[in-house]
Amino acid sequence: MSVLRVDGLGVDLGGRPVLRDVDLAVDVGEFVGLIGPNGAGKTTLLRSVLALIRSRTGRVLVDGRPARPGRSRVGYVPQRHEFAWDFPISVEDAVLSGRAGRIGLLRRPGVSDWRAVGEALDRVRIGDLRTRPVGELSGGQRQRVLVARALAVQPAILLLDEPFTGLDMPTQELLNDLFVQLSREGTALLMTTHDILLALESCTRIALLNATIVADAAPAELRDRDVWMRTFGVSEHSPLLKMLTTLKAA
Amino acid sequence: MSIPEFITDLFNPDLAFLPKALLIAVMSSVVCGVVGCYVVLRGMAFIGHAVAHAVFPGLAVAFVLQGSLVLGGVVAGVVTALLMVVFAQNRRIKEDSIIGVLHVAAFAIGIVVISQAPGYAGSLQQFLFGSLTGVPDEDLYLAGLTGVGVLGVVFLLHKEFVAVSLDREMARAMGLRVFGLDVVLYVMVTVAIVIAVQTIGNILVLALLLTPAATARLLTDRLGVMMLLSPVLGGVSAIVGLYLSWSYDLPVGGTIVLVLTAVFLAAWVFAPRHGALARRYRRHRTLSGTGVGPALGGQEDTPADDVATESASARG
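Chains as they are written, first to last, in our numbering: chain A, 932 to 1181; chain B, 4 to 319.
It is worth saying that the hints were derived from the structure and are not from the lab. Cβ coordinates follow ideal geometry from the N, Cα and C atoms, glycine included. Among the hints, a few may not be true.
[To be verified] Far from chain B, some chain A residues (derived; all Cβ distances over 12 Å):
1. L981
2. V1005
3. Q1010
4. T1062
5. P1150
[Said to hold, decoys possible] Listed next, with one range per pair, are the computed distances between beta-carbon atoms:
6. A/R1115 / B/L268: 24 to 30 Å
7. B/G227 / A/V959: 55 to 61 Å
8. B/L268 / A/I984: 34 to 40 Å
9. B/V186 / A/A1149: 46 to 52 Å
10. B/L280 / A/L983: 16 to 22 Å
11. A/H1012 / B/F14: 43 to 49 Å
12. B/P22 / A/L983: 28 to 34 Å
13. A/G1117 / B/K97: 54 to 60 Å
14. B/V82 / A/L1037: 26 to 32 Å
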């Protein structure tokens, strides 16, 4: 059974259709790259999975049940600027905040919550920074805090919104290794990215999105230049296609 | 006047209004100090300013009808806050303009209403700038109860308020009722302001909400410490301000605010990590200390700002 199943999803934002007839499934242990130009609806698709926006048509199932905020086992890593980094809070408390919905109203975090936080911090290798105020972290460390916060809810599926943007190579590599490792351990991952090279390298499957799914296949099978041209609206002389050709030759 | 004389006055039965004023000033400073932390951290200062003005028509109506000022203020503040949320749905006008339009309108209603009361000039001045006298006993109890109520809500919902402040989208995804929590926060801000309005005055009350919290933020990077420090700073400043006001016959609201501001300025200059002197010292040391090796200088206590610490742990 798919951890995530999107069937015929259509979403309008401000009266404008952003997504139509989107079909996508992510299985246990899959690492799916969601690739498309700006405005293609990548973030909208992630927000639909989080059940933060109403769909016009279709449905989103997580673990076979309609997606619901706080109920579905979904971990979300938003883009870095979504988080209030100037807030006076330590790394471990920031990660713990990801479990606020799960802990429940009027209740305090217990042993299992702190254990989940500790494991998540160790996974992203910032266990030594746990008491550091988040405002003092570098960009790469901040991204890892967000990943840890998502992991702290022990998600069945992890949604990653452009996790590599603005990071240096070592941090990209560390996170990418972690994502690959998580997928091998059975977590499903759905990642939007502009880093096509890295996605082709690491993802088990690539979905090309431009308002709808243009193509959906393993990286090696996306040989058709036409789908890339349709997704990005570029001509055949585009550097993108040259890069893809070079990759295939290699 | 010496401090013992001030204490004697506090227990003088002929000056029964003085301990009441002190009590209400300290209580409202504590409540404002705690709630103000959220206001400062979420960048809601303008909303606080607006709510402070918006309670005025409620006070005016309560005054004219001889009702409870606390109740009147809370109703008016909450109604205006909700109107702001509703009007802000029209995206053509930015939220700060909506807030600006509505809170001045509310204030204007208050002015018109209170002008209908006989001898209104004196009471107007009391509302706007605060006064030591004229706090009735029942308002004291009401203020105490609502204050305890606000602190109780903060205690119970702290985790949720933090989650919403950190990342609204994520809070929503976790299933938190973000809109409901916002309403609760607005109501708490309103209550905190209304309690404080009588001694410190409508115009100056914002200082009680913002200044101690901002001062505490300069002094610490720990939210828990900040939320303890802020009410302590507010409460102590209120006592000192009241003492100075009583001794030198100065307006009480203005004096308390000036004490708060003096503490804020001192923190701005002398705060151990984020104060002007500390920043200057650190910059000086970084500039002159390059010979030691950048790696050493980079880790220990480099300032918050985005850069340095990467190299230390990126390779993990």
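Contradicted hints - numbers only:
1, 2, 3, 4, 6, 7, 8, 10, 11, 12 and 13
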